[in-house]
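Number of protein chains: 2
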Amino acid sequence: MIGGLYEGSERFLDKAKALYPEFYETEYLPEPATLPTDNALCSGKCFTLDFGTHIVGYLTLTVEPSGTPGSPLEVVFEFAEDLCEYDPRPYTGGLASSWLQRATVYMDDPYAPIVLPRRYAFRYVRITFPANTEYTVRVTSCVVRGVTSADERKLLPLPADTGDFMRRIDETGCRTLKNCMQSVFEDGPKRDRRLWLGDLYLQAKANYYTYGNTALVRRCLYLFAGIPHPDGCLSSAIFQEPILRNQSWILHDYALFFAGTLRDLYEYEGDAELVRELWPVALRQAEIATANLSDNGLMDPAYYFVDWCAPLDKAVAAQGIAVAMLKDTLFLAGIAGDNAGAAFLRKQIRRLEQGLLSMYDPDLHLFRTPGGQLSIQSQMWGVLAGVLTPYESRRVLETVLKGDTGADGAAGESGTAADAAAGAARPGLIDTVTPYAKHYLTEALFQAGLRDEATRIVRDYWGAMVLAGADCFHEVFVPSDPTASPYGDHRVNSFCHAWSCTASYFIRRYGLK
Amino acid sequence: MIGGLYEGSERFLDKAKALYPEFYETEYLPEPATLPTDNALCSGKCFTLDFGTHIVGYLTLTVEPSGTPGSPLEVVFEFAEDLCEYDPRPYTGGLASSWLQRATVYMDDPYAPIVLPRRYAFRYVRITFPANTEYTVRVTSCVVRGVTSADERKLLPLPADTGDFMRRIDETGCRTLKNCMQSVFEDGPKRDRRLWLGDLYLQAKANYYTYGNTALVRRCLYLFAGIPHPDGCLSSAIFQEPILRNQSWILHDYALFFAGTLRDLYEYEGDAELVRELWPVALRQAEIATANLSDNGLMDPAYYFVDWCAPLDKAVAAQGIAVAMLKDTLFLAGIAGDNAGAAFLRKQIRRLEQGLLSMYDPDLHLFRTPGGQLSIQSQMWGVLAGVLTPYESRRVLETVLKGDTGADGAAGESGTAADAAAGAARPGLIDTVTPYAKHYLTEALFQAGLRDEATRIVRDYWGAMVLAGADCFHEVFVPSDPTASPYGDHRVNSFCHAWSCTASYFIRRYGLK
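Residue numbers (this note's numbering), protein chains in the order written: chain A, 1 to 513; chain B, 1 to 513.
FYI, nobody ran anything at the bench for these hints, they're computed from the structure.
A few of these clues could be false.
For identical chains, the list gives no copy identity; a pair is met inside one copy or between any two copies.
As the list claims (entries may be wrong) - The calculated SDA-like cross-link candidates involving lysine to any residue, where the alpha carbons are at most 20 Å apart (straight line), are:
id, residue 1, residue 2
1, K15, Y124
2, K17, D109
3, K45, G93
4, K45, G94
5, K327, R276
Based on the sequences and whatever the hints tell you, model everything.
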C-alpha cells in the first residue's frame, strides 16, 4: 500500500531511498572468561558467551572437531539482551514467539565457520550442542560484527566536570540510541525493528546532542510522508521489511509528532527548503486531529497512545499533545510562509486550549479528565501544552511530585523509597509506565524550571536501570515490578529501546553533572 | 590425512577430481491432496506433504501471509524417507541425532521463498508453524529440485515380457541406485552420504545394467586408490565432506572388493590401461589380506564386516571373500601382465582354499566355522569362493534353503510363512540381516544354477519391501522384525540404501520375469 494524498509522495520515497545510510561496523569478541575451556564439547553441552555489552550485529562461530566428524554438527543459539530471557518457563506472551532470538543450524561441514545470516540484538548468546555426534568440538572463535548507522567518531563529548554516574547513564543512553540507529531509527533492534513516529521524535532529539546524524532523521521523515494513509494521516509506524509499507494503526499523537520532529530538525540545521517541502504533510495532521472537535473544543482521545497504562483516561494528555504539536506546526507555518495555514492553526489552537483549560482544576492545581481521573500523564502534557502560566505550571508539577508541595503530607508518606526516588506519583495519581512517558514528565519539569526534580528522575529512574546492570535502556521499566510487560511475558520486552534513550538528551541539553 | 604408499596417489586424486560428475535435475511437486487447503495456517498448525516418491534434493517453500506480517515467520521442517521416522518417541539411537533431517528457519521476510540450503533425502516433509505470529499464512508452492548423477535417459529398458511385479521391484532398485548416485556412489543419501567400498562393489554391478555411468565408478576407484592407509590398505570408506579424507576403519573384505570392482569395470568396458594403472593397489590388498595366514591357511576374520549380525562367526565368510577376491585379483594380474604377482596370488589362493576347505563338513554339506557355528553367511561365501564342485555347491545351498533338500523335514516346518517365502534359513542356521548379505546369497544361488530359488528371493525378499510400500530398498530389512536396526533406533536407518539396490542387477542380468 504505497502512495497517498500528497503530491510528490513517490518523490519522498525516492529521497528516502537516496538517504539510505552508511553503516559503521565494529568487531566484538566475548569476554574471554566466558569462552568454554572444555575442549570436548558434545551432546547436551552448552555455554553462555557474554560480550560485555549490548550489540546489534551478526555472529560467526568457528569450532574445531576434535574427532573425525562423520555426521552433521547441530548447534542451537539463543541470543539474549538480558539474562531474564533465559528463564526456561514456557512463553506466555501475546506477541509472536518468533521474536525470541534463536537459531538452529545443521552444518554438513563442521569445519566451516557458522555464519548466522540474521541480525541479532544481544549481549549474551547461549550455545548448545544437542546432537549426540560421535565426535566432539572445541570453540576456536566467536566474533560479532556489530552494525549501526551512528558514527561513534562524531559523538559529542560530555563536559569535563560531568560526574561518573551521569557519565554511565549517558553512555547507556548513547548505546541505546546507537544500537537503534540502523537503516532507520528503529524502536528496538531485537523486536519490532520498526520506525515509529513516536520513537523517532525522541530519538531525533537525542541524536542532535550525540551523533548528529540529520540525514537519518530526514530519511525517516520522508518515509512517513511517502506512505500516508489514504486521508493523508501519517501512519504510526513504517515497516522496512519484508516490504516497505506503513502500519495500519492510527495514532493521532504519533502523526502530530511529525511536526515536532520537523521543527526540531529545522532548529538544529535550519533547512527551510525541507520545511516548505514537507509543510503540507505537517499541516494535514493538524487538520485531521482537529476535524471533530466538540463545541467546547474537546477532542476524542480514542486514537492516542500516550503511555502503556491500561486504566489511563487519555482525555487531558491527548488534548495537551495536540496543543503542543499544533504550536510546533504553527511555527513551521511561519517558515513555510503559509498565512492561511497559520490562521487556521491559531484558531484551532485557541479552541483546543479552551478545551484543555476546561479540564484544569485550579483548586487542586491539577488537570482532571471529564471522567474525574487524575494521572501524571495528564499533568505533564497539560504543562507541555503551555496553557498555564509558568507559575501555575510549576505548581501543577510540584503537586504531582509526592512531598514536594506538602499539600498532601510529608515526603515518602506512602510507596517505597525506591518509588519515591524514581519520581513516582503522589498517592492517588496514576503513574507513568514507560521511559517514553517518563521523558515527557522530565521535560515538563525542566521546562517548568524544576531542574532538581527533573535531574532526580534522570538519576533515580534511568539511573536505577544502570545500577541494575542494564547495558541499554529498557522499553518498560517499573521499579517496583521488574517483570512488568505490556505483552504478557517480559522476556519479549525490548531491552534496548529507542524511546528510552533520552536520558542522554537531558544530560547533554541541560548540562546535568 | 591425504597421501599414502602408492606412486601417483596424488595423480589418482587429480583424476578423481576431473571426473566430478554432471548432475541431472528434476522438479518434484507434492501430491496435490497433501497440500494444505487451510488458508490460515498459524501457530501450531502443521501438515505433511507427500511427494509420492523418494527424492534427493533441495526444497523451496513459498507462503503468502494473509495478514500484515510484523514479526518473523518461524517454520519447522521434518523430512522423512519413511513415515516411521515421525514416531514421536525420544530418539534412542547410537548414531548422531543430527542425521534426523530437520530444519528450523526464521524468515525476517515471510514473503521471501524459503530456500533450504541443505540437501535432504525424503518422500515426506512435515511443515509446522510453531510461533504464535499475529498473522496467518497460506502455502502457495512447494517445489523440490531433485539431483542425481544418474542419467535417466540412459536407463536400459527391461525386456517387454517382464512381469509387472518384477518391473516394480526393478523400478525400486533403480530409484535406490539413482538416488545414491551423487558426486560419488553414496551408501545412503539420508545418512552417512559416504563412499563405502563394499557398497560401491554392488552399486557398480547394478550400474552396468542400468545407467552405465562408468566414469563415476572410475572416479570412486581413483578416490580409494588416492587415499590409502599408510600401509597401502584401502580405507573402508571415503568422506567427501567436510574434507576429502578416508575413514580410519579397516575392513579387509571391503579393501579386497577393490579388485572385484576393478574387474567388473574392465569386463564392462575393457580398459586395460586403467587396470595397469591401478594394479599395484589391487595387488597390495591381496598381500595385506594374506600376510598373516596360519600354517593351515586360515586367516584372522577380525577385520571383516560380512553382515550386521552380532552372533556371526566370520571365519568361513571372511575366508571365502578372500578366495573370491584373490581370484579376481589374479584375473587382473593377467591384464596387467604381472607374472610375479600372478604366481604370488596363485600360491596364496591355494593356501586360502586349503584353509576354507578345512572348514567344510562333507557329511552335513555345509561349511562350519572352527567354533562349530553354522550360518548362511558361511555357506554363501563358501560357494562364491568356488572351492567346491558345482554339484557340491548346489548341494550346500539346497541344504541352506529350508525344505528344498528335504533332509531336515518338510518345507515350512518352522518359522513363519513370510520368513520361508523370503528365503529364510533352515532352522539352526544363522540368517542374513541386511539386503547386502542377501545379495551374496542370491548371487551364490544364481551361480550354482539354482535360478528358481534365487528368483524367489528377489521376488519375496526385495518384493516384500515393495509390497510394504517402500519407494527405495532399505539398509536393513528383516521381514519378521520391521524395526530391526543396528543403531538402536530404526528411525535413523537409511531407507534408500546403495547396497540394497541389486534386485535390479539380478532382474536385468539374469532376465527375471
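### Task
Using 20 Å as the alpha carbon limit, work out where K45 and G94 are close: within a copy, between copies, both or neither.
So K45 and G94 pass the 20 Å test across copies only (17 Å; inside, 31 Å).
### Message
Within, between, both or neither: how does the pair K327, R276 come out at a Cα-Cα threshold of 20 Å?
### Response
Classified as within; 17 Å inside a copy, 95 Å across copies.
### Message
I want to check one pair: K15 and Y124. Are their C-alpha atoms no more than 20 Å apart within a copy, between two copies, both, or neither?
### Response
neither (37 Å within a copy, 48 Å between copies)
### Query
With identical chains treated as interchangeable, where does the CA-CA distance between K17 and D109 reach 20 Å or less: within a copy, between copies, both, or neither?
between (39 Å within a copy, 19 Å between copies)
### Query
Should K45 paired with G93 be assigned to within, between, both, or neither, using CA atoms and 20 Å as the limit?
between (28 Å within a copy, 18 Å between copies)
The structure shown violates just one earlier hint, number 1.
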